[in-house]
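> For chain A, the structure is supplied; the task is to place chains B, C and D on it using the hints.
Residue numbers (our numbering), protein chains in the order written: chain A, 1 to 143; chain B, 144 to 286; chain C, 287 to 369; chain D, 370 to 452.
In case anyone wonders, no lab produced these hints; they're calculated from the structure.
Quick caveat, the model's predicted, so the values are computed rather than measured.
It is possible that some hints are incorrect.
What the hints assert, rightly or not - Using C-beta positions, here's what the derived DEER-type ranges look like:
1) Pro391(D) / Ala269(B): 26 to 36 Å
2) Arg22(A) / Ile301(C): 39 to 49 Å
3) Ala438(D) / Trp285(B): 29 to 39 Å
4) Arg146(B) / Ala15(A): 21 to 31 Å
5) Pro308(C) / Gly124(A): 35 to 45 Å
6) Met370(D) / Ala19(A): 50 to 60 Å
7) Asp351(C) / Ala19(A): 40 to 50 Å
8) Ala224(B) / Ala14(A): 17 to 27 Å
Just so it is clear, CB atoms sit at the ideal spot from N, CA and C, and this is done for glycine as well.
The chain contents come next:
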Amino acid sequence: MIRVTVSTAAIEVAAELAALERDGAVASFTGLVRGDDGVATLELEHYPGATEAALERLAAAASARWSLSAATIVHRVGAMAPGERIVFVGTCAPHRGAALEACAYLIDRLKTDAPFWKRETVNGAARWVEARHGDGEAAARWE
Amino acid sequence: MIRVTVSTAAIEVAAELAALERDGAVASFTGLVRGDDGVATLELEHYPGATEAALERLAAAASARWSLSAATIVHRVGAMAPGERIVFVGTCAPHRGAALEACAYLIDRLKTDAPFWKRETVNGAARWVEARHGDGEAAARWE
Amino acid sequence: MRLLYFAWVRERVGIGEEEVTPPSSVTTVAELVAWLAAASERHATAFGEPARLRAAVDQAFVPMDASIAGAREVAIFPPVTGG
Amino acid sequence: MRLLYFAWVRERVGIGEEEVTPPSSVTTVAELVAWLAAASERHATAFGEPARLRAAVDQAFVPMDASIAGAREVAIFPPVTGG
Chain A
1 MIRVTVSTAA
11 IEVAAELAAL
21 ERDGAVASFT
31 GLVRGDDGVA
41 TLELEHYPGA
51 TEAALERLAA
61 AASARWSLSA
71 ATIVHRVGAM
81 APGERIVFVG
91 TCAPHRGAAL
101 EACAYLIDRL
111 KTDAPFWKRE
121 TVNGAARWVE
131 ARHGDGEAAA
141 RWE
Chain B
144 MIRVTVSTAA
154 IEVAAELAAL
164 ERDGAVASFT
174 GLVRGDDGVA
184 TLELEHYPGA
194 TEAALERLAA
204 AASARWSLSA
214 ATIVHRVGAM
224 APGERIVFVG
234 TCAPHRGAAL
244 EACAYLIDRL
254 KTDAPFWKRE
264 TVNGAARWVE
274 ARHGDGEAAA
284 RWE
Chain C
287 MRLLYFAWVR
297 ERVGIGEEEV
307 TPPSSVTTVA
317 ELVAWLAAAS
327 ERHATAFGEP
337 ARLRAAVDQA
347 FVPMDASIAG
357 AREVAIFPPV
367 TGG
Chain D
370 MRLLYFAWVR
380 ERVGIGEEEV
390 TPPSSVTTVA
400 ELVAWLAAAS
410 ERHATAFGEP
420 ARLRAAVDQA
430 FVPMDASIAG
440 AREVAIFPPV
450 TGG
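Chain A extracted, bound-state conformation (with noise of 0.2 Å):
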């Protein structure tokens, strides 16, 4: 089973994690909205259709390749605040090594392979943020 959604609401982690329990395994990560650097509010830009059909791909790949009996990717876009929920990315598998490393996986190319872009709001002054460098190591150590 798997569930992709990108949207302006608030991310349920409860109810996403419920919607998982599917089998003896379920992973789960959830990246928040950092407050450091002075950081007012975060805004989410992605590229409709082709953002989804993306993480469609990345959760369809990590299915296939640790046997997943659930995968979910929920991204929010739009505005957001510092310590709000910005993506869960949430796995089921009958043993835990496969579930705890298909959502690594998810994560990682997340990050490098779904069109998304962040825009800071920092002491007044908008900014986009630049790739960071390791993202895309962290993304290449699944090849």
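For chains B, C and D alone, kept in the frame of chain A given last:
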């Protein structure tokens, strides 16, 4: 912040996850009672006092090693049915790598370092579950 | 051909999408970007540093030397920063 | 010295805990297990296969050759199977 619970009460993952959200990255693992092989009920025995102390040491070790903002271990004991949550492990850190690795560490080490014993009832007959060789290997990879 | 722009590319061009008909000499994404950079001053600020750009042809990520032959939709944007 | 038994060790002995005073020749967990195996028929079924047993002294996991000198509480049990 370290939070360890050993209880016969159902594990409330939503509340546990919400309490972990203190920094940018939250990872979790939930183990559910498996219903394959005809298991009808599972009973968990523990060593009161020593089990809680072992889990607290484990959470403290992970917190120090990965500079976690929060670590939670909840383990259910007593009787439970297939599909019910038996264990929840959650971690929070500024970055995803630390949260995900520490979460995998906690569940791997918990299986070998904390005194719990499982008894399954299959087709009306109770049997104590044997330790899995793979668990020792999974725990050893963190040394 | 429909062009889509995202993030600071969109902001610099001033619009999120436009219809264009490049000349037949423009056959790759890189050539399209060079051709766009000459279209207006705003386009020049958006497309003047091709090394900072990424692209998708018909919603699939492609390298900059990919062909645009037969493409209906080409998106041009900075490296992605989701998650 | 208080002894605690868990899982099938507890079931085989028939009780979860007991107070014992081993002779002074019993100085390690392994020697304690051997001494217990001779205590009764039920104890023999619980402690007859030392390779299948693990132990904690005063709530800390220890190898079977660990000393029990000064121990107040010794727990004997099968390999753990939590999580």
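> So does Pro308(C) sit 35 to 45 Å from Gly124(A), Cβ to Cβ?
holds (40 Å)
> Taking the Cβ atom of Ala224(B) and the Cβ atom of Ala14(A), is their distance within the range 17 to 27 Å?
holds (21 Å)
> Is it true that Pro391(D) and Ala269(B) lie within 26 to 36 Å of each other by Cβ?
At 32 Å between Cβs, range holds.
> Determine whether the Cβ-Cβ distance between Ala438(D) and Trp285(B) falls within the hinted range of 29 to 39 Å.
Hint holds: Cβ distance 32 Å, inside 29 to 39 Å.
> Hint says 40 to 50 Å; check whether the CB-CB distance for Asp351(C) and Ala19(A) agrees.
holds (42 Å)
> Take the C-beta atom of Arg146(B) and the C-beta atom of Ala15(A), compute their distance, and say whether it sits inside 21 to 31 Å.
This hint holds: roughly 23 Å between Cβ atoms.
> Quick check: does the Cβ-Cβ distance between Met370(D) and Ala19(A) fall within 50 to 60 Å?
holds (52 Å)
> That 39 to 49 Å hint for Arg22(A) and Ile301(C) (C-beta), does it hold up?
holds (45 Å)
No hint from the list above goes unmet by this structure.
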